[in-house]
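A.B. asks: Read off the chains here:
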Amino acid sequence: MASPTTPAVATADTTPSATKPTLLSIRNVAKTFGRNAVLRNVSLEIAEGEFLTILGESGSGKTTLLRIIAGFETSSSGELWMENDRFDRQPPYRRRVNTVFQHYALFPHFTVEENVGYGLRVAKRPAAEIAQRVAEALDKVKMTAHAKSKPSKISGGQQQRVALARALVNRPRLLLLDEPLSALDANLRRQMQVELKSLQREVGIAFVFVTHDQEEAMVMSDRIALLRSGELEQVATPREIYSRPATAYVAQFIGHTNLLKGQALGGIVRCGSLTWPASLPDGPVLFSLRPEHIRLPGADTSTNSRSNGQVRVRGRVLHQAFHGATELLRVECTGGLVLVVRIASASGVQDKNKDEVDLEFSAADAVPVRDSPERN
Amino acid sequence: MFSRAYKTVVTLPPLLWVTVFLLVPYALMFCYSFWSVSPSQLIVHSWNLQNYKDLFQKPTYWQTLLRSMWIAARVMLFSLLLGYPLAYFLSFYAGKRKDLLYQLVIIPLWVSYLVRAYAWKTILGSDGVLNTLLQYVHLTKHPLDFLLYSPFAVVLTLTHIYTPFTILPIYAALEHIPRNLVEASHDLGATPAQTFWKVIFPLSIPGVVAGATFAFVLSLGDFLAPLLLGGPSGIMISNIVVSLFGAAYNWPLGAAISLGMLVIVVSLLFFSERLEKKWSFS
Amino acid sequence: MELLVSGSDSNVPKSRWLLIHAAAVFAFLYLPIAVLILYSFNGQGVGGFPPHHLTLNWYRILFADGPIWDSVLNSLQVALAAMAIALTFGIPAALALDRAQFPGKALFRRLVLLPLILPGIITGLSLLMLFNVMGTKLSLMTIVLGHGTALISVATTEVFAGLQKLDRAQEEASLDLGANYWQTFWRITVPNLKLPIIGAALLIFTLSMDEIAVSFFLIGRDNTLPLEIWGRLRRGITPEINAVSTIIFIFSLVTIVVWYRLRVRAEVGTG
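The listed protein sequences derive, respectively, from chains A, B and C.
The opening position of the first sequence corresponds to residue 86 in the numbering used here, with each subsequent residue numbered one higher.
The opening position of the second sequence corresponds to residue 8 in the numbering used here, with each subsequent residue numbered one higher.
The opening position of the third sequence corresponds to residue 1278 in the numbering used here, with each subsequent residue numbered one higher.
The following block holds chain A by itself, in its conformation from the complex (with noise of 0.2 Å):
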């Protein structure tokens, strides 16, 4: 495992899923505007038929990264691949990939249908085959009662509806959606999500989603490529990317996180007061730790901190936050690390602010992480 010090190496692609074949090369596509590097060096394979979300913070330039995908943007370096012919070539309008823009970019004066059609009409397909094509699409998104009217007349998850459809009905090899939710109130947003994520199965086209909600990113992909300043983090499932990220900044940006930084030596790590076995190499190391994975034993175990690969330390809740189903602690433990546990709530009321609680966790779940550094 590569030491936190080292620079982080720039890909971080992994290989797509073995039973799917790649649709989309993206090979060291880099995109400058005017002094500012916003993609660097990004190479990622785009597989057939599979849920790809691109995540990341604003101006981590995933939407450059759709963008060039789609034509709108052209690379300062670096090179797209579909199907052994050179993509980055083509303009927009030459390549089989459609676009659901974030705020729709409906078509003002054609109506609903008329703006569903245009991409058949534009490639003079026979006015029959349009409308049979036509009202398939919309009875997908189920737009059909509203297919004569304006767009200004529907609502706002109605025109995204719409918008899915009039990319849908042209039958393109890759789908684009460029934050398509972000505009929805939070129940619209789930319902969406659900919607989205079963008709991808149900059409079959690959779908390339571009998000900063790593929760929605987690609900509704096949794989997650985390994109940093520029460059790519990790690209993963969602399961493989919460329990294996890659890095600290993975591991901080997807759900929560203790970070532990310590020292190796001889076989042993040592955080703070904490202690336990790990076979990597000498120096400094740092773990993710994920708060489901902090327990609250029971006064009956074993005070041997090292037995059975658990990990046990002392602390004073500092703070309580309920959420529901789960709460949030966080403790202060000897040695002045403040790590933050997950539990379940309990039943009743349960004030633990200022006690003193065990923790313990398994030193298999204290993941180690490389090192994220600052990127100019």
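Source of the hints: derived by calculation from the structure; they are not laboratory data.
Glycine residues also receive a C-beta, built at the ideal position from the N, C-alpha and C atoms.
Treat the hints with caution; some may be incorrect.
[Stated by the list, open to error] No farther apart than 30 Å at their CA atoms in a straight line, the calculated lysine-lysine pairs in the DSBU-like style are these:
id: 1; chain 1: C; residue 1: K1382; chain 2: C; residue 2: K1471
id: 2; chain 1: B; residue 1: K105; chain 2: C; residue 2: K1382
id: 3; chain 1: B; residue 1: K205; chain 2: B; residue 2: K105
id: 4; chain 1: A; residue 1: K238; chain 2: B; residue 2: K205
id: 5; chain 1: B; residue 1: K205; chain 2: A; residue 2: K233
id: 6; chain 1: B; residue 1: K105; chain 2: C; residue 2: K1442
id: 7; chain 1: A; residue 1: K238; chain 2: A; residue 2: K227
id: 8; chain 1: A; residue 1: K235; chain 2: A; residue 2: K282
id: 9; chain 1: C; residue 1: K1471; chain 2: B; residue 2: K103
id: 10; chain 1: A; residue 1: K238; chain 2: C; residue 2: K1382
id: 11; chain 1: A; residue 1: K346; chain 2: A; residue 2: K282
id: 12; chain 1: A; residue 1: K233; chain 2: B; residue 2: K285
id: 13; chain 1: A; residue 1: K105; chain 2: A; residue 2: K233
id: 14; chain 1: B; residue 1: K205; chain 2: A; residue 2: K235
id: 15; chain 1: A; residue 1: K282; chain 2: A; residue 2: K225
id: 16; chain 1: B; residue 1: K14; chain 2: C; residue 2: K1414
id: 17; chain 1: A; residue 1: K225; chain 2: A; residue 2: K238
id: 18; chain 1: A; residue 1: K437; chain 2: A; residue 2: K346
id: 19; chain 1: B; residue 1: K205; chain 2: B; residue 2: K284
id: 20; chain 1: C; residue 1: K1382; chain 2: B; residue 2: K285
id: 21; chain 1: A; residue 1: K238; chain 2: B; residue 2: K284
id: 22; chain 1: B; residue 1: K205; chain 2: A; residue 2: K227
id: 23; chain 1: C; residue 1: K1442; chain 2: B; residue 2: K284
id: 24; chain 1: C; residue 1: K1382; chain 2: B; residue 2: K14
id: 25; chain 1: C; residue 1: K1414; chain 2: C; residue 2: K1442
id: 26; chain 1: B; residue 1: K284; chain 2: C; residue 2: K1414
id: 27; chain 1: B; residue 1: K285; chain 2: C; residue 2: K1442
id: 28; chain 1: A; residue 1: K235; chain 2: B; residue 2: K103
[To be verified] Derived list of chain A stretches under chain B, where covered just means 3 residues or more per stretch with a C-beta under 8 Å from a C-beta of chain B:
id: 29; region: 158-169
id: 30; region: 176-184
[Stated by the list, open to error] Per the computed footprint, the stretches of chain B lying under chain C, defined by three or more beta-carbons under 8 Å from a beta-carbon of chain C, are:
id: 31; region: 146-154
id: 32; region: 238-246
Please build the complex by placing chains B and C on the supplied structure of chain A, with the hints as guidance.
C.D. replies: Quick look at chains B and C alone, frame taken from chain A:
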């Protein structure tokens, strides 16, 4: 939020002024149009339709009116042909220079009409700049007569004056088009040309109608350019009105023709407003 | 705003024809004026090519030309008075359109805006008839009334646009804090409308100085500058007219650029 007193104070003065100085004059013009003038040059307040009969029956009047409308139509057409591509260029291609170029468009708009009409007069005359230039470079041997004192000169000058008038509303309409619509159109497979005709142009139609209306209406009522540059063949309906209020003293007839113009103009405005509403989608 | 700013325009192919057309139209708009300015220095008259004998003589003659300067003074007086009228009635008109409901409001709005689009001859003649009926003699005063009336529309349009950008909450806060309507108007409303009002004033001034169509019918014994020039044109043209036209052009240029900058500042400031 605003009290009745407030609303009364802000409404009453302008309302009164506009009534006295706009509504009443139009009403007077209306009345005058039904009167007539006596041989001794006095206005006779006997109500009749003679003026309107003259307007429709005497060829001088209705022919000049038609000719004026034809001139106005040509000015409108040329202004649009010159102005639309420039507005499009400004909106979609100008990038950083957009602001500067926009200023360059509005400057001629506000520079004195007289100055610009006069400039053309000096250019188009038989001793004018254009003719002597053409002879100087041996493209022609004799001065071209049709350049000045002709409908051509009037159309040319009015086009020069009203093209910026058409550019502005078209530019405003084009600016209003969200750029992601252009991207969406490309994304769906339309080439730039298809995108222009299917998306950009339809959404710019309200601006085109506004600009065209300006150019047509203002050209129709123009009397200065014909006086300076039109010659006998370039007389427009307003010139007739001017002379009826001057040497050919017949105020009632002049009022009738003016009223006719007013009716045409107001109808056009009404019609174009309806058209603009029909083509606006926000 | 992301929606209205195109990215790197890589999806819009460069078009040479569009650029050529644009350049040609700009040339069409500016060449006559350039010729005019050039020939104001021509010793040999307003026509003929190429210009010979460049001289400042015409400007010298212009500056010694008494009647011209009289007419300039007249124009200035008219412009300032027209500005006062247009603003005095135009600002309340904008407020009324923005805030009040009254019978005939739609008609009022159209009536106010009509002189902007109507050919000047109609405005001029209708006012002439009014003055005739009222027995008023034609003079600079009648021209002032004509300009003022016609240009109310400019003031109303600019101020109305400014009102749309005004935050109502500010005026509500002022009332809430104890100021009455009059105080609120002067302390809150007008300062917020400073830029549109100044812009409108500049525009009205320029338009009044250049105005000829309405003035044509309402003129008494004293000429405004455009009418003085017009009179000269009937008699015979000399480059002196080019000279005065050049000066008019320069003034208009400066005024309009200043107006535009103010306009842009108004939009940026409240955007």
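A.B. asks: It remains to establish, for every hint, whether it holds in the given structure.
C.D. replies: Evaluation of the provided hints:
1. C/K1382 to C/K1471: holds (26 Å)
2. B/K105 to C/K1382: With Cα atoms ~38 Å apart, B/K105 and C/K1382 exceed 30 Å; violated.
3. B/K205 to B/K105: holds (25 Å)
4. A/K238 to B/K205: Answer holds: A/K238 to B/K205 is near 21 Å, not above 30 Å.
5. B/K205 to A/K233: holds (18 Å)
6. B/K105 to C/K1442: holds (23 Å)
7. A/K238 to A/K227: holds (16 Å)
8. A/K235 to A/K282: Status holds; Cα separation ~27 Å.
9. C/K1471 to B/K103: Within the cut-off at roughly 28 Å; holds.
10. A/K238 to C/K1382: Status holds; Cα separation ~29 Å.
11. A/K346 to A/K282: Since the Cα atoms of A/K346 and A/K282 sit roughly 38 Å apart, the hinted pair is violated (cutoff 30 Å).
12. A/K233 to B/K285: holds (17 Å)
13. A/K105 to A/K233: violated (39 Å)
14. B/K205 to A/K235: The given pair, whose Cα atoms are some 16 Å apart, holds under the 30 Å limit.
15. A/K282 to A/K225: The given pair, whose Cα atoms are some 13 Å apart, holds under the 30 Å limit.
16. B/K14 to C/K1414: Violated: B/K14 and C/K1414 sit about 35 Å apart, past 30 Å.
17. A/K225 to A/K238: holds (20 Å)
18. A/K437 to A/K346: Distance of about 27 Å is within 30 Å: holds.
19. B/K205 to B/K284: Measuring from Cα to Cα gives roughly 19 Å; hence the hint holds.
20. C/K1382 to B/K285: This hinted pair holds, its Cα atoms lying about 23 Å apart.
21. A/K238 to B/K284: The hint holds at about 16 Å.
22. B/K205 to A/K227: Holds, because 26 Å separates the two Cα atoms, which is no more than 30 Å.
23. C/K1442 to B/K284: holds (23 Å)
24. C/K1382 to B/K14: holds (12 Å)
25. C/K1414 to C/K1442: Outside the cut-off at roughly 43 Å; violated.
26. B/K284 to C/K1414: violated (44 Å)
27. B/K285 to C/K1442: holds (26 Å)
28. A/K235 to B/K103: Roughly 34 Å separates the two Cα atoms, so the pair is violated.
29. 158-169: With 0 residues close enough to chain B, the hint is violated.
30. 176-184: holds (count 7)
31. 146-154: violated (count 0)
32. 238-246: violated (count 1)
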